[in-house]
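Number of protein chains: 4
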Amino acid sequence: MRKTTNMYLDKVKEECGVFGFFDMDGFDAARMTYYGLYALQHRGQESCGIAVNDNGIIRVHKGMGLVNEVFDSENIQELKGTMAVGHVRYSAFSDFQREDCQPLVSRYIKGSLTIAHNGNLTNAYELRHKLEHEGAIFQSSSNAEVIMHLAARARTKTHSIEEAMLKVLKKLEGAFSLVIMSPRKLIGIRDPKGFRPLCLGKLKNSYILASETAALDVIKAEFIRDVEPGEMVIINQEGLRSIKYADETTYSHCVFEYIYFARPDSVIDGVSVYAARVQAGKLLAKAHPVEADIVVGVPDSGLNFAVGYAQASGIPYEEGLIKNRYTGRTFIKPTQDERAISVNIKLNVLKNNIEGKRVILIDDSIVRGTTCANLIKMLKDAGATQIHMRIASPPFMWPCYFGTDIPSRDELIAVNYSLEQIRQKIGADSLGYLPLEDIKNIGLRKDRGYCDACFSGKYSVNKLPNGNQKPSKTQEEIYDNPRRDKKDFKIIKN
Amino acid sequence: MRKTTNMYLDKVKEECGVFGFFDMDGFDAARMTYYGLYALQHRGQESCGIAVNDNGIIRVHKGMGLVNEVFDSENIQELKGTMAVGHVRYSAFSDFQREDCQPLVSRYIKGSLTIAHNGNLTNAYELRHKLEHEGAIFQSSSNAEVIMHLAARARTKTHSIEEAMLKVLKKLEGAFSLVIMSPRKLIGIRDPKGFRPLCLGKLKNSYILASETAALDVIKAEFIRDVEPGEMVIINQEGLRSIKYADETTYSHCVFEYIYFARPDSVIDGVSVYAARVQAGKLLAKAHPVEADIVVGVPDSGLNFAVGYAQASGIPYEEGLIKNRYTGRTFIKPTQDERAISVNIKLNVLKNNIEGKRVILIDDSIVRGTTCANLIKMLKDAGATQIHMRIASPPFMWPCYFGTDIPSRDELIAVNYSLEQIRQKIGADSLGYLPLEDIKNIGLRKDRGYCDACFSGKYSVNKLPNGNQKPSKTQEEIYDNPRRDKKDFKIIKN
Amino acid sequence: MRKTTNMYLDKVKEECGVFGFFDMDGFDAARMTYYGLYALQHRGQESCGIAVNDNGIIRVHKGMGLVNEVFDSENIQELKGTMAVGHVRYSAFSDFQREDCQPLVSRYIKGSLTIAHNGNLTNAYELRHKLEHEGAIFQSSSNAEVIMHLAARARTKTHSIEEAMLKVLKKLEGAFSLVIMSPRKLIGIRDPKGFRPLCLGKLKNSYILASETAALDVIKAEFIRDVEPGEMVIINQEGLRSIKYADETTYSHCVFEYIYFARPDSVIDGVSVYAARVQAGKLLAKAHPVEADIVVGVPDSGLNFAVGYAQASGIPYEEGLIKNRYTGRTFIKPTQDERAISVNIKLNVLKNNIEGKRVILIDDSIVRGTTCANLIKMLKDAGATQIHMRIASPPFMWPCYFGTDIPSRDELIAVNYSLEQIRQKIGADSLGYLPLEDIKNIGLRKDRGYCDACFSGKYSVNKLPNGNQKPSKTQEEIYDNPRRDKKDFKIIKN
Amino acid sequence: MRKTTNMYLDKVKEECGVFGFFDMDGFDAARMTYYGLYALQHRGQESCGIAVNDNGIIRVHKGMGLVNEVFDSENIQELKGTMAVGHVRYSAFSDFQREDCQPLVSRYIKGSLTIAHNGNLTNAYELRHKLEHEGAIFQSSSNAEVIMHLAARARTKTHSIEEAMLKVLKKLEGAFSLVIMSPRKLIGIRDPKGFRPLCLGKLKNSYILASETAALDVIKAEFIRDVEPGEMVIINQEGLRSIKYADETTYSHCVFEYIYFARPDSVIDGVSVYAARVQAGKLLAKAHPVEADIVVGVPDSGLNFAVGYAQASGIPYEEGLIKNRYTGRTFIKPTQDERAISVNIKLNVLKNNIEGKRVILIDDSIVRGTTCANLIKMLKDAGATQIHMRIASPPFMWPCYFGTDIPSRDELIAVNYSLEQIRQKIGADSLGYLPLEDIKNIGLRKDRGYCDACFSGKYSVNKLPNGNQKPSKTQEEIYDNPRRDKKDFKIIKN
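Residue numbers (this note's numbering), protein chains in the order written: chain A, 1 to 494; chain B, 1 to 494; chain C, 1 to 494; chain D, 1 to 494.
For the record, the hints were derived by calculation from the structure and aren't laboratory data.
Any given hint might turn out to be false.
Same chains, same names: a pair is fine if it fits in one copy or spans any two.
[As the list claims (entries may be wrong)] Think about it this way: if two alpha-carbon atoms lie no more than 25 Å apart in a straight line, the pair counts; the simulated SDA-like pairs of lysine to any residue are:
(1) K220 / T335
(2) K167 / H133
(3) K286 / S472
(4) K351 / Q311
(5) K130 / E162
(6) K323 / E46
Based on the sequences and whatever the hints tell you, model everything.
Given below as structure tokens:
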């Protein structure tokens with residue numbers, strides 16, 4: 001039976017994928033959206049939903065679970081309609097509730113309005129507080145509901161949904177990539193800094209909006225271009241229009257999309273995710289070279305970097321860890337006594353390739369350090385003579401307020417330990433992170449700005465949410481400073 | 001998998017049961033509510049839910065299905081809290097959606113607000129329309145959400161939820177029995193005409209609100225009194241207070257609660273449902289006597305009336321139809337060829353009791369006439385020599401706007417056929433309905449008014465919803481008038 | 001998820017219903033069987049199954065749960081075939097396993113063989129032991145598998161399945177009503193004493209076998225006759241043949257089928273179950289008259305008897321207890337603290353009918369006495385001034401070895417306490433059981449013998465299973481003998 | 001609801017994994033088996049089961065689905081016991097039935113017997129036929145049930161299960177790796193030719209039997225050795241004993257285990273699967289060199305070979321196809337119109353790596369050719385200028401009678417088309433298979449024989465099942481013979 005849900009209605013960190021389809025050719029919009037969400041499943045596995053518009057009648061199906069768990073041929077068939085909006089969601093909030101599933105569908109003064117949101121508003125609390133003072137009620141804890149309320153109120157004083165949204169956009173701060181469906185229009189909006197991706201595609205005469213290009217590929221749609229930061233695109237029967245709603249935009253694309261979050265086969269804001277990862281691997285090899293026999297990536301997240309590291313270093317790339325393809329969420333967890341098993345379940349060592357070798361082990365990041373320590377032990381047990389750990393990103397040190405789920409600072413190993421302490425804790429023979437300054441060199445466009453605040457502490461917004469203050473020292477000043485003081489990291493309440 | 005839902009967001013006819021528990025003694029409020037809903041299950045089998053208040057934190061679990069399908073020991077255990085609100089619901093609206101499940105829980109200016117509603121607002125459309133013009137968004141099609149919006153707005157200008165509700169109540173028209181939970185109070189409200197029941201009980205020092213007394217019995221709570229029409233009762237740690245919010249009230253208790261809807265073991269507004277049914281049977285015997293061998297009730301709805309008919313007529317009461325105790329909702333329906341089976345599945349004739357007998361067959365009402373015709377055929381096939389059909393209520397002729405599900409007038413046999421035509425269609429040897437004037441004599445309190453509009457066409461409200469007009473002729477003028485004209489019934493658009 | 005099953009493979013007490021359909025007219029045999037099982041659901045709610053024969057190809061669907069839980073329109077549609085065998089089962093064995101679901105389908109020397117069994121073999125253990133010594137393997141704990149093995153072995157030395165079964169029948173002892181399906185025949189067999197019912201019906205030219213006539217009624221089939229004790233009926237394309245395989249038969253129809261187990265609308269071995277119950281009620285009134293105001297039956301099992309008691313005594317029959325129609329198996333059980341609730345959940349008192357009254361309360365039997373005590377307390381709490389408990393059967397004192405589930409003797413109240421002690425324990429003002437000698441007078445055929453061993457201790461078989469011995473004293477000698485000695489009841493190991 | 005099953009009871013081709021655990025240290029045998037099965041999941045995804053032995057009491061839980069679907073913490077906890085047998089199964093037989101789930105548990109003369117089987121008996125039909133003539137009944141279509149019957153019969157004439165099995169083994173022909181559990185022993189048996197793998201491990205003092213070493217790794221058990229072809233190992237409280245039951249053994253290890261079926265991290269009969277694959281890639285590079293820009297493997301099956309091809313050819317290894325990690329079985333299949341989508345759903349092209357490149361594409365085998373053609377089209381659409389298809393095994397041409405699922409010969413592209421025709425059909429610029437003679441050089445032990453009959457037509461058994469005859473010409477004689485005649489392939493009925 002479904003789990004009891006908890007109406008905390010507080011702020012939630014969430015990672016999501018969005019998709020929109022405007023049919024002009026007789027495609028089945030719901031099915032196209034289904035395939036699109038399937039390709040975006042990596043962006044959120046907790047819940048998903050599709051809403052369709054059938055001449056003004058909105059049908060919606062949402063649920064907890066993976067796309068292929070929530071949808072079946074029967075319910076997808078009932079979703080008849082010529083426009084569709086889809087959403088996949090992951091929430092770091094343990095008491096995620098069914099009410100939070102998106103797309104959010106509401107009835108308001110001008111009929112129906114459907115919203116799918118990816119990102120995180122930094123002023124959600126203030127907006128919500130103000131709305132509540134005006135008598136608004138909230139049934140979920142999602143940012144989408146805040147935007148929905150603002151849109152409905154703005155719509156009473158404007159002549160179109162675009163106009164209403166322009167009013168709303170003036171009030172929103174932080175990260176948001178939105179797909180919105182009104183009775184006759186499909187609208188894509190990206191925040192002025194472009195934290196989260198959103199792209200535009202075309203299949204015959206039909207338009208598609210998607211978080212990543214991989215979702216265009218799956219339905220064989222052509223990639224047209226990214227929705228620009230600060231842009232609203234409006235699709236209706238007449239075609240596509242664009243409104244640049246932000247006066248000036250200093251881009252802040254999330255670098256973690258390239259490092260970890262996005263699919264390697266996606267191209268985001270003109271940059272191939274795969275190529276960026278291979279390049280990061282190469283830079284890592286240059287920054288932290290070491291004599292060794294083989295380069296091994298941690299599946300799946302470390303593999304692309306390992307390819308780059310091997311190419312730059314000339315040390316052979318080998319598979320050293322095999323992933324069990326059948327890991328599901330309902331797996332029975334090993335007990336405390338069976339702890340040794342817990343890593344082996346998902347990854348096994350390819351002993352023949354490891355035995356007697358000096359191994360360079362590559363992963364995308366270290367969070368708490370536990371998994372990393374287990375893997376290193378596993379490889380050493382299998383006969384590796386040395387393990388040189390290389391991490392394809394700088395140390396995680398600061399919270400993300402823009403939609404990436406990073407654990408509380410108390411749990412981040414890099415916040416609490418020095419480089420040497422970390423090396424000892426994970427049991428590596430050497431340890432090297434990608435230098436912060438190399439982030440910009442992984443192939444990202446030079447004419448754009450990026451957000452690396454989780455590594456650097458340099459936030460591109462004026463005000464952090466919930467009264468949090470920006471760090472007074474930079475990452476460089478703090479990290480591995482021998483006189484480093486714990487309190488330097490404690491400036492920010494998390 | 002869950003069915004796709006359809007966001008029509010239109011008006012819905014619904015029958016419901018509500019329950020509230022305010023713990024003062026250390027009872028498990030959620031479990032008490034579970035048992036209470038279980039006893040109210042007959043009032044709605046489509047969805048149910050329980051919300052609890054745990055020092056201001058609201059937890060809620062809702063779902064489609066019966067109480068024992070939606071709740072299990074695991075999820076009921078998670079519903080820790082000292083106040084609880086429960087709801088069961090039936091909806092005549094085929095595209096009932098998950099969002100319509102109650103209790104409705106929202107976050108607003110003063111924390112959380114939970115509403116469970118039984119009844120039907122006759123001005124829901126107007127209220128909603130006005131709210132939408134002010135920028136409100138609606139995520140369900142329930143009346144409860146309209147009330148929620150009004151309450152949230154009123155609360156911004158008042159000092160307490162009671163004050164806010166007093167403002168709201170001035171705007172509501174039609175039928176409503178409400179159980180409301182604010183951060184610290186449990187509130188019961190009944191509309192000024194008292195269409196739907198609501199009673200008050202006590203278990204040690206804890207208070208209970210429930211649609212029917214049977215829900216008090218199940219948890220061994222003591223019945224205190226009915227919530228009065230036009231009364232609001234407020235329960236908090238200090239105890240119970242009452243506010244009579246309506247200046248004058250002309251009662252309009254729903255007679256169909258006594259005839260069919262309520263449990264026989266409930267006592268509503270001082271009248272035992274069982275006793276009212278036995279009395280209706282007696283009046284029916286007096287109004288339509290006939291020489292026969294046995295009196296047989298249609299299980300389960302006709303049995304109590306048959307007891308009364310037998311007592312008044314002196315003709316022996318016998319069981320003639322046996323009900324299959326294992327009928328579930330997922331039953332595979334007989335095909336057209338197997339039509340004969342469809343009645344037999346639920347009811348079988350007790351041949352020995354019927355063969356060679358003149359049978360008086362009693363049921364509570366005739367809607368379309370099909371079931372009735374099938375039963376009569378079954379009994380005749382089993383050897384009954386005569387069937388005298390007796391109906392313990394007047395003919396159904398008008399829509400209910402107050403929360404009882406009556407099919408559209410096109411489908412009502414009494415709207416479309418004369419008494420003699422109906423008799424012929426169902427194949428009875430004689431047919432008699434309870435006379436309209438006898439309704440008041442089934443034991444109902446003489447000092448109260450009742451709503452029998454579905455039979456009489458006499459609506460106690462000033463204005464019918466959706467522009468419907470009151471019938472210009474009375475039931476007496478129309479029904480069985482030899483010059484009866486079809487158009488007399490067509491005044492009201494349905 | 002499905003429960004882990006426990007391969008005890010021990011003897012199991014089980015109550016069952018069987019059904020067979022041989023199509024000659026183009027009916028859908030599986031659907032007809034589905035409806036038939038539905039009408040037999042009261043005979044077993046734990047598991048059910050249907051096997052069909054489609055020109056020699058056997059298809060089968062079985063599962064744990066009610067008929068409408070295990071079957072849906074999809075799987076019933078896959079069960080194409082012209083012959084069908086169905087089974088419903090209740091097992092007193094807590095570790096009932098999926099392998100025990102019937103019908104049992106096997107492949108053997110002559111193709112497929114399907115068996116559905118109702119009853120209990122008293123020599124199952126010996127037969128099984130002998131088969132195991134010959135190298136047989138057993139995958140379930142059912143009697144049906146023993147019969148299957150015997151049939152397969154006998155078939156290697158005979159020319160037809162009938163001949164083989166005649167050999168097998170010589171070896172079987174105890175109670176068995178069988179429906180067997182070979183590649184081209186449908187066979188019905190009843191044990192020589194006729195413990196369990198089995199009847200024969202016809203629908204157009206198609207034949208039906210069923211445990212009770214109510215299963216014929218549901219599909220509008222005509223009742224032809226009961227399969228006689230000691231008879232085998234063979235149905236194939238040529239029609240019906242009968243073999244009387246037992247030389248002499250001293251009938252032992254189970255009286256508890258009439259008292260409790262069968263549906264009231266069934267007619268078993270020429271006797272209407274309903275009429276037998278009304279008659280038992282009348283005899284009870286004569287045996288234990290008492291001055292009182294009303295007669296109340298415990299729903300549903302006591303209602304028919306109460307009708308008879310009222311008729312014979314002239315004291316008015318009234319409803320006093322209302323049953324909740326929505327009791328399901330997954331109900332959350334009240335905790336120890338909520339014990340008072342546990343009875344109320346299923347039954348509620350109709351206070352108005354009970355208050356101030358002297359009540360004669362009728363039920364079919366008393367097993368442990370707990371339910372009875374709770375009901376009496378409930379009625380007294382509701383204001384009953386006196387409760388006179390009347391039981392429509394003699395006290396349960398001995399085990400049933402023929403397929404009725406009776407708890408171990410340690411738990412039977414009548415084994416452990418005298419009449420007066422029982423009266424005190426249940427809190428009744430007086431207590432009366434149906435006298436043992438009246439059992440034969442409830443309308444049973446005078447030319448037949450009946451098995452009342454659970455009341456009388458008089459077993460009609462020569463040898464009890466598992467080395468149990470017959471009681472040395474009769475019920476009359478033991479029960480309520482003032483010098484009654486506990487050890488008198490302990491002769492039989494249970 | 002569960003699907004209706006079809007009792008064909010015919011021969012079934014099946015691929016399986018087996019596991020056994022004999023606890024001496026207080027481990028939880030069921031949990032260890034759960035983790036073991038989890039590591040063997042790739043060997044069968046249709047059903048799984050675990051049986052445990054708790055001092056002679058057998059408990060079993062089986063079901064359709066993946067290991068983490070069938071088992072949860074609740075049912076695994078109920079599986080208390082000190083010995084356990086597990087099984088995962090894939091069946092090519094579409095009407096796979098629940099009765100076929102293994103381990104098969106039976107009760108026989110000496111208590112319980114549990115069997116888990118991997119492989120395929122070539123004389124199963126004859127054995128079964130003979131057993132049926134002796135009166136045996138079969139409830140499933142599995143080879144395991146045949147072995148169970150033989151064991152039970154042999155046991156009546158012998159003094160121990162080992163002796164009984166020695167008698168049985170004389171009768172079995174074909175491929176079988178067995179794990180058997182008697183009341184006090186755990187037994188592992190491998191057929192004399194060693195078609196299917198089976199290995200022995202130890203965890204502290206506890207023994208493990210498993211299809212692959214990866215299942216030892218997951219529970220951190222030590223690999224001791226492979227069970228030898230023609231060996232029976234018996235584990236009881238005293239420890240391990242071995243019986244070599246076959247006089248002479250000419251090994252026939254299945255080469256397809258190395259090419260496709262086994263996990264790369266397993267070591268089978270002394271050969272690392274991963275190393276064998278890399279070596280096959282190298283040999284392929286030598287046999288079919290070509291000028292190109294990159295080497296790309298088809299995920300996941302072609303990746304290891306691609307590594308080897310790249311190493312041997314010096315052409316860079318690149319990722320070119322990205323696999324969606326979230327493919328589940330319940331995926332909604334693209335319609336005919338959406339055909340283009342069906343490949344993209346699981347694999348997407350990494351355009352940046354492919355565009356303008358001459359690509360060597362590597363996969364393990366070609367069956368029907370459809371997938372291959374789609375992939376080549378996808379890569380060409382993405383801008384690949386040439387595609388050189390390389391297959392790391394010889395063409396599939398003959399049926400496997402030993403437990404590998406190969407489609408019927410009618411569907412095999414290599415049976416029906418010449419090399420050049422296949423190249424054209426799949427749209428490759430060149431095509432090369434691993435030469436048949438290179439199979440022995442992929443690292444397999446020179447002192448052992450291998451079965452490559454699916455490629456060569458050279459069967460190592462004397463007699464093929466079901467009257468099939470061995471091919472009269474060798475693969476070399478037939479394949480790509482310009483005068484090749486279709487009928488050469490049609491000798492064997494399939």
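These are the hints, each one checked on the structure:
1. Taking the shortest Cα distances, K220 and T335 sit within 25 Å of each other only across copies (14 Å), while inside one copy they are farther apart (46 Å).
2. Proximity of K167 and H133 under a CA criterion of 25 Å is satisfied in both settings, with 19 Å inside one chain copy and 17 Å between copies.
3. In this assembly of identical chains, the alpha carbons of K286 and S472 never lie at most 25 Å apart, being 30 Å within a copy and 61 Å across copies at closest.
4. In this assembly of identical chains, the alpha carbons of K351 and Q311 lie at most 25 Å apart whether taken from the same copy (23 Å) or from different copies (20 Å).
5. Taking the shortest Cα distances, K130 and E162 sit within 25 Å of each other both inside one copy (23 Å) and across copies (23 Å).
6. Proximity of K323 and E46 under a CA criterion of 25 Å is satisfied in both settings, with 22 Å inside one chain copy and 20 Å between copies.
Hint 3 from the earlier list is the only one contradicted by this structure; the remaining hints agree with it.
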